[in-house]
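Engineer: Below, each chain spelled out in residue letters.
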Amino acid sequence: GNSVTQMEGPVTLSEEAFLTINCTYTATGYPSLFWYVQYPGEGLQLLLKATKADDKGSNKGFEATYRKETTSFHLEKGSVQVSDSAVYFCALSDPNFGNEKLTFGTGTRLTIIP
Amino acid sequence: ETGVTQTPRHLVMGMTNKKSLKCEQHLGHNAMYWYKQSAKKPLELMFVYNFKEQTENNSVPSRFSPECPNSSHLFLHLHTLQPEDSALYLCASSQDTGLVEELFFGEGSRLTVL
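One line per chain: the protein sequences are S and D, in this order. 1 is the number of the first residue of the first sequence in this note's numbering; add one for each residue after it. 1 is the number of the first residue of the second sequence in this note's numbering; add one for each residue after it.
Pulled out of the complex, with its shape left as it was, chain S reads as follows (with noise of 0.2 Å):
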């Protein structure tokens, strides 16, 4: 079956440094790739997605590239605030089902330190 493997957490990181969360997946065909954020007492929110190979998602700073010969999603950001600090989801979708079938990681909890 579909699954998705994110680096374990927690993340701490000073502001302005430069962020990397790894995701990787394993789906057979072609998913699409998802990145979500919940901050501090809310649900989760779409923060960038991606549908196809190559494809690079971006939203607020933030940027992910399907990448389907090392079937990875990795987030990054290159200048990380305090205003960051969430649990970043990845998360696929089997095309065949769309959302009935969609696949969540572990969640990796960030951390910025003024």
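Just so you know, the hints here were simulated from the structure itself, not pulled from any lab data. Model, not experiment: these values are computed from the prediction. Every residue gets a Cβ at the ideal spot worked out from N, C-alpha and C, and that includes glycine. One should not assume that every hint holds.
[Stated by the list, open to error] Straight-line Cα separation of at most 25 Å, SDA-like style, residue types lysine to any residue; simulated pairs:
#: 1; chain 1: D; residue 1: K40; chain 2: S; residue 2: T103
#: 2; chain 1: D; residue 1: K40; chain 2: S; residue 2: R109
#: 3; chain 1: D; residue 1: K40; chain 2: S; residue 2: P40
#: 4; chain 1: D; residue 1: K40; chain 2: S; residue 2: Q45
#: 5; chain 1: D; residue 1: K40; chain 2: S; residue 2: L47
#: 6; chain 1: D; residue 1: K41; chain 2: D; residue 2: A87
#: 7; chain 1: S; residue 1: K60; chain 2: S; residue 2: T103
#: 8; chain 1: D; residue 1: K41; chain 2: S; residue 2: A27
#: 9; chain 1: D; residue 1: K41; chain 2: S; residue 2: S79
#: 10; chain 1: D; residue 1: K41; chain 2: S; residue 2: E8
#: 11; chain 1: D; residue 1: K40; chain 2: S; residue 2: A53
#: 12; chain 1: D; residue 1: K41; chain 2: S; residue 2: S3
#: 13; chain 1: D; residue 1: K36; chain 2: S; residue 2: A27
#: 14; chain 1: D; residue 1: K40; chain 2: S; residue 2: D55
#: 15; chain 1: D; residue 1: K52; chain 2: S; residue 2: D94
#: 16; chain 1: D; residue 1: K36; chain 2: S; residue 2: K68
#: 17; chain 1: S; residue 1: K68; chain 2: D; residue 2: G14
#: 18; chain 1: D; residue 1: K22; chain 2: D; residue 2: P61
#: 19; chain 1: D; residue 1: K36; chain 2: S; residue 2: G41
#: 20; chain 1: S; residue 1: K60; chain 2: D; residue 2: P61
#: 21; chain 1: D; residue 1: K19; chain 2: D; residue 2: M46
#: 22; chain 1: D; residue 1: K52; chain 2: D; residue 2: H79
#: 23; chain 1: D; residue 1: K40; chain 2: S; residue 2: N96
#: 24; chain 1: D; residue 1: K40; chain 2: S; residue 2: E8
[Stated by the list, open to error] Here are a few chain D residues that sit away from chain S, every Cβ distance over 12 Å (derived from the structure):
#: 25; residue: P8
#: 26; residue: N17
#: 27; residue: G28
#: 28; residue: P61
#: 29; residue: S65
#: 30; residue: P66
#: 31; residue: C68
#: 32; residue: Q82
Once you have looked at the hints, place chain D on chain S.
Structural biologist: What follows is chain D alone, placed relative to chain S:
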């Protein structure tokens, strides 16, 4: 009100109690979902409803009983739970389960089973 609203935000119950979680969405969506979020585990999809019909039951124990009276409301009825059922229960909605698209999440109901 906008978005996805869950009540109660916090619930403490004994193993012999019966309680219910409520979810309401104001987005005009046709699909609603229950997820379980436990520490250090991937988000677990529990139930999916599309146009009020249950389309997915992810091997969830019968002590969890969902109800979807219309496309805007979703309930999770809880009965004789176990301490390991303590978790954050998240409700989400989307336009349709068959599409690969964004899920909109509520803030969650934090359940503690004593």
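Engineer: Each hint needs a verdict: does it hold in this structure or not?
Structural biologist: Right, here's what the structure says about each hint:
{"no.": "1", "hint": "D:K40 with S:T103", "in the structure": "holds, 15 Å"}
{"no.": "2", "hint": "D:K40 with S:R109", "in the structure": "holds, 10 Å"}
{"no.": "3", "hint": "D:K40 with S:P40", "in the structure": "holds, 16 Å"}
{"no.": "4", "hint": "D:K40 with S:Q45", "in the structure": "holds, 19 Å"}
{"no.": "5", "hint": "D:K40 with S:L47", "in the structure": "holds, 21 Å"}
{"no.": "6", "hint": "D:K41 with D:A87", "in the structure": "holds, 11 Å"}
{"no.": "7", "hint": "S:K60 with S:T103", "in the structure": "holds, 24 Å"}
{"no.": "8", "hint": "D:K41 with S:A27", "in the structure": "holds, 19 Å"}
{"no.": "9", "hint": "D:K41 with S:S79", "in the structure": "violated, 28 Å"}
{"no.": "10", "hint": "D:K41 with S:E8", "in the structure": "holds, 11 Å"}
{"no.": "11", "hint": "D:K40 with S:A53", "in the structure": "violated, 29 Å"}
{"no.": "12", "hint": "D:K41 with S:S3", "in the structure": "holds, 12 Å"}
{"no.": "13", "hint": "D:K36 with S:A27", "in the structure": "holds, 22 Å"}
{"no.": "14", "hint": "D:K40 with S:D55", "in the structure": "violated, 29 Å"}
{"no.": "15", "hint": "D:K52 with S:D94", "in the structure": "holds, 22 Å"}
{"no.": "16", "hint": "D:K36 with S:K68", "in the structure": "violated, 29 Å"}
{"no.": "17", "hint": "S:K68 with D:G14", "in the structure": "violated, 48 Å"}
{"no.": "18", "hint": "D:K22 with D:P61", "in the structure": "holds, 19 Å"}
{"no.": "19", "hint": "D:K36 with S:G41", "in the structure": "holds, 15 Å"}
{"no.": "20", "hint": "S:K60 with D:P61", "in the structure": "violated, 40 Å"}
{"no.": "21", "hint": "D:K19 with D:M46", "in the structure": "holds, 17 Å"}
{"no.": "22", "hint": "D:K52 with D:H79", "in the structure": "holds, 22 Å"}
{"no.": "23", "hint": "D:K40 with S:N96", "in the structure": "violated, 28 Å"}
{"no.": "24", "hint": "D:K40 with S:E8", "in the structure": "holds, 9 Å"}
{"no.": "25", "hint": "P8", "in the structure": "holds, 14 Å"}
{"no.": "26", "hint": "N17", "in the structure": "holds, 25 Å"}
{"no.": "27", "hint": "G28", "in the structure": "holds, 16 Å"}
{"no.": "28", "hint": "P61", "in the structure": "holds, 20 Å"}
{"no.": "29", "hint": "S65", "in the structure": "holds, 20 Å"}
{"no.": "30", "hint": "P66", "in the structure": "holds, 15 Å"}
{"no.": "31", "hint": "C68", "in the structure": "holds, 15 Å"}
{"no.": "32", "hint": "Q82", "in the structure": "holds, 22 Å"}
Hints 9, 11, 14, 16, 17, 20, 23 from the list above are not met by this structure, while the remaining hints are.
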